[in-house]
Amino acid sequence: MNSITNFARTCSWLVHKDLLRELRAPRVWPTMLLLGMILSLAVEMQIELPRDQKQKVLGGLMWLVIFFAWTVVLNRLFAGERDESCWQALLLYPVTLGMIYLAKLVVNFLALAAIEALLVPALMILADVPLLARAGPFLAILVAANLGLAAVGTLVSSLTSGLTRQASLLVVLVLPLASPVVIGAGQATVALLGGDPTSSFRWLQLLSVFAAVFVGLGLLLFEFIIEE
Amino acid sequence: MLGSQSLSRRSAAGLLETTPPPLEARQLSRVLQGRPILNRIDMTIAAGQILALTGLNGAGKTTLLRCLAGRLCPTTGDVLWYGNSPTRRPDLNRLVGFAGHESFLYLELTAMENLLFAARMHGLSDPQTTVNQMLAKVCLDKHAHQPAGHFAKGMRQRLSLARALVHDPPLVIFDEPFSSLDAPGRQWLEDWLKDLRTAGRAIIFTTHEAEQAQRVANETLDLRGGRLLPVSNSIAASQMRAA
Numbered sequence: 001m002n003s004i005t006n007f008a009r010t011c012s013w014l015v016h017k018d019l020l021r022e023l024r025a026p027r028v029w030p031t032m033l034l035l036g037m038i039l040s041l042a043v044e045m046q047i048e049l050p051r052d053q054k055q056k057v058l059g060g061l062m063w064l065v066i067f068f069a070w071t072v073v074l075n076r077l078f079a080g081e082r083d084e085s086c087w088q089a090l091l092l093y094p095v096t097l098g099m100i101y102l103a104k105l106v107v108n109f110l111a112l113a114a115i116e117a118l119l120v121p122a123l124m125i126l127a128d129v130p131l132l133a134r135a136g137p138f139l140a141i142l143v144a145a146n147l148g149l150a151a152v153g154t155l156v157s158s159l160t161s162g163l164t165r166q167a168s169l170l171v172v173l174v175l176p177l178a179s180p181v182v183i184g185a186g187q188a189t190v191a192l193l194g195g196d197p198t199s200s201f202r203w204l205q206l207l208s209v210f211a212a213v214f215v216g217l218g219l220l221l222f223e224f225i226i227e228e
Numbered sequence: 001m002l003g004s005q006s007l008s009r010r011s012a013a014g015l016l017e018t019t020p021p022p023l024e025a026r027q028l029s030r031v032l033q034g035r036p037i038l039n040r041i042d043m044t045i046a047a048g049q050i051l052a053l054t055g056l057n058g059a060g061k062t063t064l065l066r067c068l069a070g071r072l073c074p075t076t077g078d079v080l081w082y083g084n085s086p087t088r089r090p091d092l093n094r095l096v097g098f099a100g101h102e103s104f105l106y107l108e109l110t111a112m113e114n115l116l117f118a119a120r121m122h123g124l125s126d127p128q129t130t131v132n133q134m135l136a137k138v139c140l141d142k143h144a145h146q147p148a149g150h151f152a153k154g155m156r157q158r159l160s161l162a163r164a165l166v167h168d169p170p171l172v173i174f175d176e177p178f179s180s181l182d183a184p185g186r187q188w189l190e191d192w193l194k195d196l197r198t199a200g201r202a203i204i205f206t207t208h209e210a211e212q213a214q215r216v217a218n219e220t221l222d223l224r225g226g227r228l229l230p231v232s233n234s235i236a237a238s239q240m241r242a243a
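The listed protein sequences derive, respectively, from chains A and B. So in the working numbering, spot 124 of the first sequence is number 124, and the numbers just go up one at a time. So in the working numbering, spot 85 of the second sequence is number 85, and the numbers just go up one at a time.
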């Protein structure tokens with residue numbers, strides 16, 4: 001029990017450090033939020049459909065907007081640790097690589113939650129999409145999709161962090177790996193908005209399995225990626 | 001201190017080792033991009049000793065220190081901290097304080113936040129008190145709430161050393177700790193290293209200044225051709241080559 005508490009405490013301090021750095025010198029989050037807002041406005045204004053159909057389409061498209069805005073975060077997730085060789089210092093602390101992976105995953109998850117905290121109300125107001133009409137299932141979709149995206153993103157970001165052309169390679173690798181989450185979350189949201197909770201639940205199950213698999217893979221592979 | 005020499009010296013004095021030495025390298029070799037940097041190095045540092053490491057630029061001092069600090073795997077040979085290999089043992093990192101060429105500091109965070117982060121990573125029970133004491137020790141207590149990125153290079157170096165020693169490790173590894181420090185700063189660091197030695201810490205540091213090494217360290221070794229030579233031998237070898 002004590003070791004679990006220590007593990008959680010260390011992870012929380014690692015997350016705290018990353019959030020504090022972003023708060024002190026905002027580099028990524030303002031760009032990410034601005035991009036998310038512009039993309040959602042552009043999408044909303046281009047779709048000319050009857051109200052009920054538009055609501056469904058936008059529910060799905062919201063995930064594409066979230067995905068593209070979120071890729072901004074991935075570039076800096078590990079790159080920030082390269083300044084002043086802080087990554088070396090991190091490996092000199094008595095922390096396991098699993099702790100570092102999970103902490104980065106949580107930061108990634110929180111970044112996604114921040115985009116959603118902005119976009120969900122924005123879409124509800126701008127396009128009258130009743131995203132919170134079934135708040136419980138919608139929240140479950142958000143959590144499962146965020147976990148899946150964060151797990152994939154953290155793994156790929158660590159893989160490309162030492163490369164000179166990180167940004168381009170990162171997107172190329174993340175796109176195919178994260179597409180099941182984007183498609184699954186879009187389908188689950190559209191089904192929920194269309195009044196088909198059974199179908200939405202099936203997609204949610206798929207998202208949960210994907211998230212569990214990639215969190216597990218990340219914990220297993222992170223050590224080898226870092227050593228390479 | 002050279003392993004075989006120190007052991008034989010201690011055996012002669014009738015001293016028996018009851019615990020493994022803080023730091024030991026056995027037949028340590030490292031090849032980088034096909035070029036041998038370190039060649040079967042044997043060394044031991046005992047508690048309460050300071051070892052200075054000199055050598056020309058590119059001699060492999062930093063590579064050796066990174067191997068000793070567990071940050072670089074040797075191509076062959078072993079590094080042992082108190083008899084244990086640090087490979088895949090992050091829990092052993094509590095034993096070592098390492099400061100390298102770069103500061104290892106988060107420049108957006110204040111001096112206080114940087115040290116608090118390090119103290120928390122090491123799981124100290126009262127990080128705030130320890131950090132306050134450490135900031136006073138490195139004369140940065142008045143700058144505790146300034147971002148490290150605003151510091152002059154010497155101040156950043158002091159903070160970097162404080163970060164490395166915030167958990168009071170028994171084994172200290174510093175790569176050119178005197179660089180960037182002004183004259184009073186150098187004197188201050190020399191005194192601090194001597195205090196640490198008195199407190200029983202095992203210390204190894206690199207420097208380009210032979211006089212400074214002699215003032216501070218019990219022993220000075222020169223890294224040349226991937227091998228460690230006692231400084232007197234090294235000077236003789238260079239004189240022979242010159243002749």
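Check each hint, because a few of them may be wrong.
If the Cβ cut is set under 7 Å, some of the chain A residues that face chain B in the computed set are [what the hints assert, rightly or not]:
(1) TRP13
(2) GLU84
(3) TYR93
(4) PRO176
(5) SER179
Just so you know, the hints here were simulated from the structure itself, not pulled from any lab data. All C-beta atoms, glycine included, are put in the ideal place defined by N, C-alpha and C.
Status of each hint after checking the structure:
no.: 1; hint: TRP13; in the structure: 5 Å, holds
no.: 2; hint: GLU84; in the structure: 5 Å, holds
no.: 3; hint: TYR93; in the structure: 4 Å, holds
no.: 4; hint: PRO176; in the structure: 32 Å, violated
no.: 5; hint: SER179; in the structure: 34 Å, violated
In this structure, the earlier hints numbered 4, 5 are contradicted, and the remaining ones agree with it.
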